[in-house]
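Full structure from sequences and hints, please.
Last residue of the sequence shown: 250 in the numbering used here, with the numbers rising by one and none dropped.
Any given hint could turn out to be false.
Cut-off 25 Å, straight-line C-alpha distance, at most; resulting in silico cross-link-like pairs (SDA-like, lysine to any residue) [stated by the list, open to error]: (1) Lys6 / Ser46; (2) Lys6 / Asp235; (3) Lys6 / Ser213; (4) Lys6 / Ser40; (5) Lys6 / Arg71; (6) Lys201 / Pro148; (7) Lys201 / Pro177; (8) Lys6 / Ala47; (9) Lys201 / Ala132; (10) Lys201 / Thr188; (11) Lys6 / Ala60; (12) Lys6 / Ala234; (13) Lys6 / Asp67; (14) Lys6 / Leu233; (15) Lys201 / Ser213; (16) Lys6 / Glu80; (17) Lys201 / Ile96; (18) Lys6 / Leu129; (19) Lys6 / Arg68; (20) Lys201 / Gln220; (21) Lys6 / Ser239; (22) Lys201 / Glu215; (23) Lys6 / Arg134; (24) Lys201 / Glu103; (25) Lys6 / Ile52; (26) Lys6 / Met116; (27) Lys201 / Ser151; (28) Lys201 / Cys154; (29) Lys6 / Asp76; (30) Lys6 / Glu63; (31) Lys6 / Asp29; (32) Lys6 / Val123.
Label pairs and their calculated CB-CB ranges [claimed, not checked]: (33) Cys166 / Ala234: 32 to 42 Å; (34) Pro130 / Ala64: 24 to 34 Å; (35) Pro175 / Ser120: 11 to 21 Å; (36) Ile131 / Ala60: 25 to 35 Å; (37) Asn48 / Ala132: 12 to 22 Å; (38) Gln174 / Asp67: 16 to 26 Å; (39) Ala236 / Glu103: 15 to 25 Å; (40) Ser120 / Ala236: 40 to 50 Å.
If you are wondering where the hints come from, they were derived from the structure by calculation, not from laboratory data. Being a predicted model, the structure only gives us computed values, none of them experimental. Glycine included, every Cβ here is placed at the ideal spot set by N, Cα and C.
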Amino acid sequence: MPTQGKTAVVTGASRGIGEALAASLLAQDYRVYGISRSASPSLAGSANYTAIACDLSDSAQTEAMADRLFRELAADPGEELLLINNAAMLEPLGPIESLSAAEMSRHLQTSLLAPMTLSSAFVRHAQQLPIAKRIVNVTSSLAIHSAPSMSLYCSSKAALNMLTRCIADEQRTQPYPILAYALDPGMTETRMQETARGRDKEAFPLQSFFRESFEQGRLQSPERVAAETLRLLADASPSGSVLHAYQRSQ
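Put into structure tokens, the structure is as follows:
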């Protein structure tokens, strides 16, 4: 572990926004720990990148990994410690009556309970460190806009927004506060987008919206989102804020 420099932990770092965030952080001389089920070949060659294999849909595995990782990082974190909870699921898609308890449980474990678990371990082990510390939860505009057949996705993102605000409130009276932000990346070309526009229109009414957004060139690249995210994090936004990594007219 470095005694100087900056350390970042990014979930879902094997592709999409998470992979782009990890690459951008490496370019800014962060030591990056990427958590995902599979490794990213494009990141593996960096001496400052460590891949951590973990299935975030497994609560016991996630809790053990998070406690071990942040215990180790807290022993020598450098001058900054950053957690980006990026990993999430889109599916299941469908009206609520069509969703099984198993499907709902897996979604919520990956998209909500895993970020909660990682944030809990982060705060527990880093609270007393007199360094810059931030938690960033990747959210969506669907946290505040309802969408048919996307009840799990909308609900988990709304809960992440509230988690962010609660962490910010809890930290305000701490001597070494941890800042918390929600990050709305906007519409971005990822595998989730591919899945959404590839679904049957009859089963998923919003399929045409996602398809038209892609065809009209409204989706931004993960690399642009990553660059804008780092720019936003360099600003002194109030803890608990939702940061928007896109033009608000999108």
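Hints versus structure:
1. Lys6 / Ser46: holds, 15 Å
2. Lys6 / Asp235: The hint holds at about 17 Å.
3. Lys6 / Ser213: violated, 37 Å
4. Lys6 / Ser40: With a Cα-Cα distance of about 21 Å, the restraint between Lys6 and Ser40 holds, given a limit of 25 Å.
5. Lys6 / Arg71: holds, 16 Å
6. Lys201 / Pro148: holds, 12 Å
7. Lys201 / Pro177: violated, 47 Å
8. Lys6 / Ala47: Measuring from Cα to Cα gives roughly 14 Å; hence the hint holds.
9. Lys201 / Ala132: Violated, because 47 Å separates the two Cα atoms, which is more than 25 Å.
10. Lys201 / Thr188: holds, 21 Å
11. Lys6 / Ala60: Distance of about 28 Å is beyond 25 Å: violated.
12. Lys6 / Ala234: Holds. Lys6 to Ala234 sits at ~13 Å (cutoff 25 Å).
13. Lys6 / Asp67: holds, 20 Å
14. Lys6 / Leu233: holds, 14 Å
15. Lys201 / Ser213: holds, 15 Å
16. Lys6 / Glu80: Holds, at about 5 Å.
17. Lys201 / Ile96: holds, 17 Å
18. Lys6 / Leu129: holds, 14 Å
19. Lys6 / Arg68: holds, 19 Å
20. Lys201 / Gln220: With a Cα-Cα distance of about 23 Å, the restraint between Lys201 and Gln220 holds, given a limit of 25 Å.
21. Lys6 / Ser239: holds, 20 Å
22. Lys201 / Glu215: holds, 16 Å
23. Lys6 / Arg134: holds, 12 Å
24. Lys201 / Glu103: holds, 21 Å
25. Lys6 / Ile52: holds, 18 Å
26. Lys6 / Met116: Holds, because 23 Å separates the two Cα atoms, which is no more than 25 Å.
27. Lys201 / Ser151: Judged against 25 Å, a Cα distance of about 17 Å means the pair holds.
28. Lys201 / Cys154: holds, 19 Å
29. Lys6 / Asp76: holds, 11 Å
30. Lys6 / Glu63: It holds: about 24 Å lies between the C-alpha atoms, which stays within 25 Å.
31. Lys6 / Asp29: Within the cut-off at roughly 7 Å; holds.
32. Lys6 / Val123: holds, 17 Å
33. Cys166 / Ala234: 32 to 42 Å: violated, 25 Å
34. Pro130 / Ala64: 24 to 34 Å: holds, 28 Å
35. Pro175 / Ser120: 11 to 21 Å: holds, 19 Å
36. Ile131 / Ala60: 25 to 35 Å: This hint holds: roughly 30 Å between Cβ atoms.
37. Asn48 / Ala132: 12 to 22 Å: Since the Cβ atoms of Asn48 and Ala132 sit about 18 Å apart, the hinted range of 12 to 22 Å holds.
38. Gln174 / Asp67: 16 to 26 Å: Holds, at about 20 Å.
39. Ala236 / Glu103: 15 to 25 Å: With Cβ atoms ~41 Å apart, the hint is violated.
40. Ser120 / Ala236: 40 to 50 Å: With Cβ atoms ~26 Å apart, the hint is violated.
Consistency note: the structure conflicts with the earlier hints numbered 3, 7, 9, 11, 33, 39, 40.
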